[in-house]
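Asker: Here the protein sequences line up with chains G and F, keeping their order. In case it helps, this note's numbering puts the first sequence at residues 1 to 492. In case it helps, this note's numbering puts the second sequence at residues 1 to 178.
Quick caveat, the hints were computed from the structure, so don't treat them as lab data. Quantities reported herein were computed from a predicted structural model and do not represent experimental measurements. Think of the CB as a built atom: it goes at the ideal place given N, C-alpha and C, for glycine as much as any other residue. There may be inaccurate statements among the hints.
[Stated by the list, open to error] Where chain F lies over chain G, by a calculated footprint (3+ residues, C-beta under 8 Å): (1) 427 to 434; (2) 463 to 474; (3) 479 to 485.
[Stated by the list, open to error] Anything over 10 Å on all C-beta distances counts as not near chain F; from chain G, calculated: (4) 11; (5) 81; (6) 186; (7) 203; (8) 234; (9) 444.
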Amino acid sequence: MTAPPSARRTSPRIVLVHTVTFRQARQFVPVLIPIGAATGFGGGTGTVIALVVAVTLFSLAAAAVTWWRFGYADGPTAVVVTRGLLSRSVRTVPNDRIRGVEVEAPALHRLFGLVRVRIDAAAGTAAGQEEELVVDGVPRAEGDRLRVAVLTHRSVPPAQPDAGAPAPPEEELSRWDNRWLFYAPLVGSYLALPLAGIGALFRLGEELPDDLLDRLPDVDVPSGWVIGAVVLGMLLLVLAGAVVGAAIVNWGFRLVLRGSTLVAVRGLFTRRHTELELDRIRGVAVSEGLGMRLVGAARAGALVTGLGDAERRGQLLPLGPRADAWTLTHRLVDDPGPLRAHPSAALRRRIVRALTVGLSVSAGGAVLLTTAGRWDVLLVGIALTVLGVPLAYGLYGALGHAAGPHSFSVRRGWLVREQVVLEQRAVVGWEIRQSVFQRRAGLATVTACVGAGSGGYAAVDMAAGDVAAFTLAASEPWAGALARPRRDGARM
Amino acid sequence: MSPSHRAASRTAPASPVREPAWELPRSAIGLWVTESVFSTILMWLAVGAFLLFAPSDGGPLPLLHRVLPYAAALYAVVAMGIRPWFKHRVYRWEITAEAAYTRTGWLTQTWTLVPISRIQTVDVTRGVLQQMFGLATVAVLTASSQGTVRIWHLEHDVAQRVADDLAHRAEQVRDQAT
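Produce the complete structure using the sequences and hints provided.
Answerer: Structure (structure tokens):
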């Protein structure tokens, strides 16, 4: 009654993995620390060893209980996962709600020949809920069997071949080139990690007990070039960290088209295996950060309907040359043609905005200079004003839109410039916004509402007269409802 | 209703798209006035508390003490005397053969169009104030978090009819609703 007939268990070897990683024991740490603090950590090495042994045994017990009480079954209609020691929880996910299966193999799992299977199953649109079933710790063969079984039981894609049938032809769309690692130091997200690491190191240094600091050998006050060398060393460390981070995440990235599915594999320690159905891909986003534009690098991600954690799973090209990103994009979505620039009124709006910020800070600074004798705010204001103008040009230069016969494209952003190419059928609605200022300038912001990616992609400040034509060209005929009945001949 | 484009296309710029055909019931004005009364009272309480308790010397504080009462008075006039009627001119809606279409906002105006074939759910909600005025809001939801059409402040029976009609038609023409 509690479990379907074919309930399966994970491999017992996972208990060892979880003991080592303290997977279950981790959640008790907030409880244990105050207890430990209350009883006092003071005492010799004997206490420490006892503590370590106790924690490890506790972790082993927790992992074993979790393994003992965990079961899963993939039936013809649904996947059922049972777990919990005291409060048993049974989650049943109908197969047609399953949107994708991901098999990943963290380093420790690989050592024991195990994998972790994530079944992405959002039921309905209730967001924020736990949208994944995780079956952690099955042998690799069983993981592959589960993935194939779940995907073939699903009724949506009828073309899925049986597990026994010959595999459909594979075509490699993209393969990681280790030279691309040199792009990493120019990408903000890869730089963030080593920077955070150095920050943590500094904090640690501050928290060292004073007596330890006293015992450090006395150093003379470092001279200028020593400080310079240290800074240079830090810089090199950060750059190396970015490269290493990119390598860990993206190592051996490979994107393969297998039948009607895109398969992406990547990762140095944790190998991830993600599948995307071509039929669910509605478009592609190509983004280029400020630093990436300097060297012609880009990243590409698929906009997939109903995909949890799309940022990570939708990746088509994590980091690579811009040309590769665009080749891949046009492989998946039709090229809508070159972008049309937005009217010069859009540039004027950006300049006015930049100058308003800069000049108001300057004015405040001038007041402070006369009343309190402070000149720093004025300097900041002047700097903002001067830098604002090129920023305005940069922001304006990023704006653009285009509509082709089957697809359309919008682009925006300066710090991270993102261009999305979407299929016409992707659009589930249009939203047109016009502020008072935009109305006076003859501009409007048009957002294509899409059931994929971030939910909406905007053409900011396009000419108000072009809106109706663009929406009709970029989506299906229903958008004709936006067009004005042609009574007034001239438009702009 | 539409401004004459031949005469003054520069001084009275046309809206970017067609305006929806139907306007809201007059009772929506009453609702908006009531909402403004509440927000004005809250604002006056906040301003009164500031005038009573904030010190009146140092930095920009004396200026604030002089300006805030006028600002609060101006807000009251705009919110209760002007904005409801202005909104009633802006808020419009229409259900065409293929789509639901609205215009909302007042200073910043928003047109939203959702095709019936992509509708996922249709909700009717009646807030406390809305019930006093016999009004209801129809929310038309799609797969996109941004593609939601809200038809504010329809008479309750109209709202219910519209919702039923939309849900019924959506079921008939639904394609892959994503």
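Asker: Hints first: check each against the structure and report whether it holds.
Answerer: Evaluation of the provided hints:
1. 427 to 434: Our answer is that it holds, as 7 residues pass the Cβ test (under 8 Å) against chain F, meeting three.
2. 463 to 474: With 5 residues in contact (Cβ-Cβ under 8 Å with chain F), the coverage given for the region 463 to 474 of chain G holds.
3. 479 to 485: holds (count 6)
4. 11: Given that every Cβ of chain F is farther than 10 Å from that of residue 11(G), nearest at about 37 Å, it holds.
5. 81: Given that every Cβ of chain F is farther than 10 Å from that of residue 81(G), nearest at about 26 Å, it holds.
6. 186: For residue 186(G), whose nearest Cβ neighbour in chain F is about 31 Å away, the distance exceeds 10 Å, so it holds.
7. 203: Consistent with the label, residue 203(G) stays out of reach of chain F, its closest Cβ about 35 Å off (over 10 Å).
8. 234: holds, 40 Å
9. 444: With a cut-off of 10 Å, residue 444(G) comes too close to chain F, as the shortest Cβ separation is near 4 Å.
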